[in-house]
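Participant: Spelled out, the chains give:
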Amino acid sequence: MPGNASIAARERRRKIIVYIFTALVLIYILLPMLWMGISSFQTERTLQSTPPTFAITSETGTLNHYNFIFTGEIPPDASIMLQAMYTMEGTHVLPAIRNSLIIAVVVTILNLVIGVPAAHAFARIRFRGSEALFLSIFATRMLPAISLVIPMFIIFRTFGILDTLQGLIIINLAITLPFTLWLLRSYFSALPVEVEEAALIDKASRLKILLRIILPMAKPGMIASAAFVFMITFGEFIFALNLTQTIQSKTMPVVIAALATGMSGSKGLIAAASIMSFIPALIIAVIFRKQLIDGLTRRFQ
Amino acid sequence: MNIINRLKSMLNVIRTKSKSRYAFWAIIPTVIIIFSVIIYPLLYAVNLSLRDVRLGADDRFIGLNNYISLLTNPHFQEAAVVTLVFVVVSVILVVGISFGIAYLIHQKLPGNNLLKFALLLPYALPGTLNAVMWQWMFDSSYGIINFVLKELGFITSYITFSSHPDYALPAIIVAYVWKFAPYSAFLFLAGLTTIPRDVYEASVIDGSVGWRQFRKITLPLLKPVFQLVLVVQTTFALLMHFGLVYVITGGGPGMATTTIPWFVYKDTFDFMRFGRGSAGAVILAIMMLGFIYLYLVVLKPKRRGAYY
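Heads up: the protein sequence lines correspond to chains A and L, in order.
Under this note's numbering, residues -7 to 293 are what the first sequence spells out, in order.
Under this note's numbering, residues 328 to 635 are what the second sequence spells out, in order.
Quick caveat, the hints were computed from the structure, so don't treat them as lab data.
Among the hints, a few may not be true.
As the list claims (entries may be wrong) - Distance condition first, Cα-Cα at most 30 Å in a straight line; then the derived BS3-like pairs of lysine-lysine:
#	chain 1	residue 1	chain 2	residue 2
1	L	Lys543	A	Lys211
2	L	Lys593	A	Lys211
3	A	Lys282	A	Lys195
4	L	Lys543	L	Lys435
5	A	Lys7	L	Lys550
6	L	Lys346	A	Lys200
7	L	Lys593	A	Lys7
8	L	Lys346	A	Lys7
9	A	Lys7	A	Lys282
10	A	Lys195	A	Lys211
11	L	Lys346	A	Lys282
12	A	Lys282	L	Lys435
13	A	Lys211	A	Lys200
14	A	Lys195	L	Lys346
15	A	Lys282	A	Lys200
16	L	Lys435	L	Lys550
What the hints assert, rightly or not - Looking from chain A toward chain L, a few residues come up when the C-beta cut is under 7 Å (computed):
#	residue
17	Ile8
18	Val10
19	Val17
20	Pro24
21	Ala113
22	Ala131
23	Met134
24	Ile138
25	Thr238
26	Ala250
27	Ala252
28	Met255
29	Ile271
30	Ile275
31	Ile285
32	Thr289
Stated by the list, open to error - Label pairs and their computed distance ranges (CB to CB):
#	chain 1	residue 1	chain 2	residue 2	range
33	L	Pro437	A	Val97	35 to 41 Å
34	L	Arg539	A	Glu51	55 to 61 Å
35	A	Glu123	L	Gly617	37 to 43 Å
36	L	Ile419	A	Pro212	31 to 37 Å
Note that the structure is a prediction, hence the values are computed from the model and not measured.
Built from N, CA and C at the ideal position, the CB exists for glycine as well.
In isolation and in its complexed conformation, chain L is listed as follows:
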């Protein structure tokens, strides 16, 4: 007995040593890449944001002036409002539509697999192609949306959605929601399948069926999924709409579809204003870090599995 224990502890010593060596060599390439390609440029951006880096400027340290110039810029403020509207409306639509689709698939009727596969397609379609596709759908002469609206009598003549002050942002939102709702549908579907059958059976015995069952059982049990989808979709809405704005509206008409990422991009590359652009980049990064914190610390994704 004693000998076995001693052997075990010896083995453990060897193990611990080889263990940390393995962990080190397994992880170090990733750390180097992330540090040199992500973290270093990010710090570089912070540095740039504190200096006067423009064409013809003298590159001197100017403290927080870039930040002040940006935050007090009325166009930036307008972009912030547009971003807020875009994100809130998109997320609400994505959550509603994706939950509806997931609920539909969960009814487990034949044809489900076809629907599941169809849902993969918007996810697989590259963002730029999605933008081109919806530009085409909204086209002012050949667009199918104009055609359908006119046939149904909602409009009397074709609308140029992409340059209409009231319809440009909705057009972007429609294109965005189409691509990202299917993604959340999969999350909701996974959530729905984790609800055990007997919970439903018990609820039927208690007299809860139909809408009542949905409200009293399904929704509360899915609360964690809703939280997850809300956070994930909010970050997506902030990060993934750039290509749509680039292709469909170019930020216009006027400022109607100029979101913060678009504003920062134009401000930086149209005028080679790298200092102020970097300030915008840092502000965006801080916003996103807030959401990451929310995701990791408040929602605490559970994980299973054992360590050695």
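This is chain A alone, in the form it adopts within the complex:
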């Protein structure tokens, strides 16, 4: 049967094309990150040379950059020029990651505590102006950070909370809450309303309904919004850049940017610091990939 054969050939050709493109896309996405990872394990001498070297051998490989981040020890065999490249910012990497983690975790928890009841109320209770209120809150999500950072700087200075973690927590909470509300409302709305109605007829309080019935059902949605909020907060740059001054409150993006824009920073140190900084977000992405992908596609369902 020639017809079938040609269909099979066509199908095989289609598959090959799809595979080739899939491979290209994977290279496009993974190569830059892989390149950063390889670089972080190469000696400064290798990284200062041209053209780039791809292999990590006993000659080109080193753990010095990571060692410096953890211990602050400048490699003993480093030349004077190289010693100067291990700048103070390098020792700031760990405290900065810690600051970012504290802010991100606290903001994520507060988001759920404050955002879950609000999203539930917006999903299930209609009152005068409820939709307008919801949309107004949602609209603040699209305000440019640069518009808020100027008044924030002055207000923070007045209240004396410049350069504190508390200040950054407040800001990040306010800019992520609209996102949480919007995402969680879409999850809550998708749950069957009948279950809640039945519980209401049984005279269960709404708070009890929320805690006992909704939360278990909406678990994927809550995980997704928590993961998103964590990642947004962990990477927030503009507010942190302008509202922090010392390593007491400087966050990961601020320190990494300072390292990368410094004139004489070690390239290996920059690469190693970047890899270290990506790990928290990477762990979240790996563990919660299902919920995150579902959350990302939710926008159009």
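Place chain L on chain A using the hints.
Facilitator: Chain L in isolation, oriented as in the chain A frame:
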């Protein structure tokens, strides 16, 4: 029957009361936070923008002078052009690439899940790290992009992309597109999966296959997704490129990568010119509100679910 009805209406009264009380206490913390941390500072910025707030200035009311000074500033106008180029080119590239990737995943061949997970990574990578990563990719001595271009014979010697007047903005665009195309790919993928199978089957019977089917069936049905992606990506392009400019080019060389947010930032914090900076901030906020209006009113995102 009568008794049941009366009981029901009594229950409704109790319900309505507890309902609005619940709604009030559930929503009020959010409203307070949004008002005090977002709305109040925004109004504060409007106030600042109407006053002469600089180092050594007398902080008096000067009406719209800050706005006039900003809008007539040739550097601001130049920044507006750079912003327009950046946004238009980035959005076109993001839409093209993300749709291509989504279409690829939609072919449902093994390996899809790996691809989907890989797409999550650029999204998860913090913006500053993305900037550092691409700074490294474009590096003038160790950069892999220079290496590949030279090996392929496109260039004869390595280019310093970040300080080259013609290549600095494209470098920023490449870095931006890499991080944000995957996000839209998920939106397109969701859109593609909502097209029912029988639509395709019917189109095959009508003789539409391959490119014809794609053009006549897939694209028209995805029009709402394209609209959504266009609006969302335009707002993202306006909001999310700051870290890239900060790390990779610092707005240079000259004004080549100075966008409006970058200009406002430099103008404000380098010279402590808070009045004029606030005027810039307000102009940006108004621009964004325009897009929000477009999104909420023109596109009207549908929602499902029932109220009590």
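Participant: All hints are to be evaluated individually against the structure, with a verdict given for each.
Facilitator: Verification of the supplied hints:
1. Lys543(L) with Lys211(A): Violated, because 40 Å separates the two Cα atoms, which is more than 30 Å.
2. Lys593(L) with Lys211(A): 43 Å, violated
3. Lys282(A) with Lys195(A): 36 Å, violated
4. Lys543(L) with Lys435(L): This hinted pair holds, its Cα atoms lying about 21 Å apart.
5. Lys7(A) with Lys550(L): 27 Å, holds
6. Lys346(L) with Lys200(A): 13 Å, holds
7. Lys593(L) with Lys7(A): Given that 30 Å is the threshold and the Cα spacing comes to 51 Å, the pair is violated.
8. Lys346(L) with Lys7(A): Outside the cut-off at roughly 56 Å; violated.
9. Lys7(A) with Lys282(A): Since the Cα atoms of Lys7(A) and Lys282(A) sit roughly 26 Å apart, the hinted pair holds (cutoff 30 Å).
10. Lys195(A) with Lys211(A): 24 Å, holds
11. Lys346(L) with Lys282(A): 34 Å, violated
12. Lys282(A) with Lys435(L): Holds, at roughly 17 Å.
13. Lys211(A) with Lys200(A): 16 Å, holds
14. Lys195(A) with Lys346(L): 12 Å, holds
15. Lys282(A) with Lys200(A): Roughly 28 Å separates the two Cα atoms, so the pair holds.
16. Lys435(L) with Lys550(L): The given pair, whose Cα atoms are some 22 Å apart, holds under the 30 Å limit.
17. Ile8: With Cβ-Cβ at 10 Å, over 7 Å, it is violated.
18. Val10: 5 Å, holds
19. Val17: 6 Å, holds
20. Pro24: For Pro24(A), the interface hint holds, since the closest Cβ of chain L sits about 5 Å away, which is under 7 Å.
21. Ala113: Hint holds; Ala113(A) Cβ to chain L Cβ min 4 Å, cut 7 Å.
22. Ala131: 5 Å, holds
23. Met134: OK, holds: Met134(A) within 7 Å of chain L, min 5 Å.
24. Ile138: 5 Å, holds
25. Thr238: 17 Å, violated
26. Ala250: At about 10 Å, which exceeds the 7 Å cut-off, the nearest Cβ of chain L leaves the hint on Ala250(A) violated.
27. Ala252: Cβ of Ala252(A) sits 5 Å from chain L, so the hint holds.
28. Met255: Violated: closest Cβ of chain L sits about 12 Å from Met255(A), beyond 7 Å.
29. Ile271: 11 Å, violated
30. Ile275: At about 10 Å, which exceeds the 7 Å cut-off, the nearest Cβ of chain L leaves the hint on Ile275(A) violated.
31. Ile285: Since the shortest Cβ distance to chain L is 6 Å, the answer is holds.
32. Thr289: Where the cut-off is 7 Å and the nearest Cβ of chain L is about 4 Å from Thr289(A), the hint holds.
33. Pro437(L) with Val97(A): 35 to 41 Å: 37 Å, holds
34. Arg539(L) with Glu51(A): 55 to 61 Å: Given a distance of about 58 Å, which is inside 55 to 61 Å, the answer is holds.
35. Glu123(A) with Gly617(L): 37 to 43 Å: 20 Å, violated
36. Ile419(L) with Pro212(A): 31 to 37 Å: 34 Å, holds
Violation of the numbered hints given earlier is confined to hints 1, 2, 3, 7, 8, 11, 17, 25, 26, 28, 29, 30, 35; the remaining hints are satisfied by the structure.
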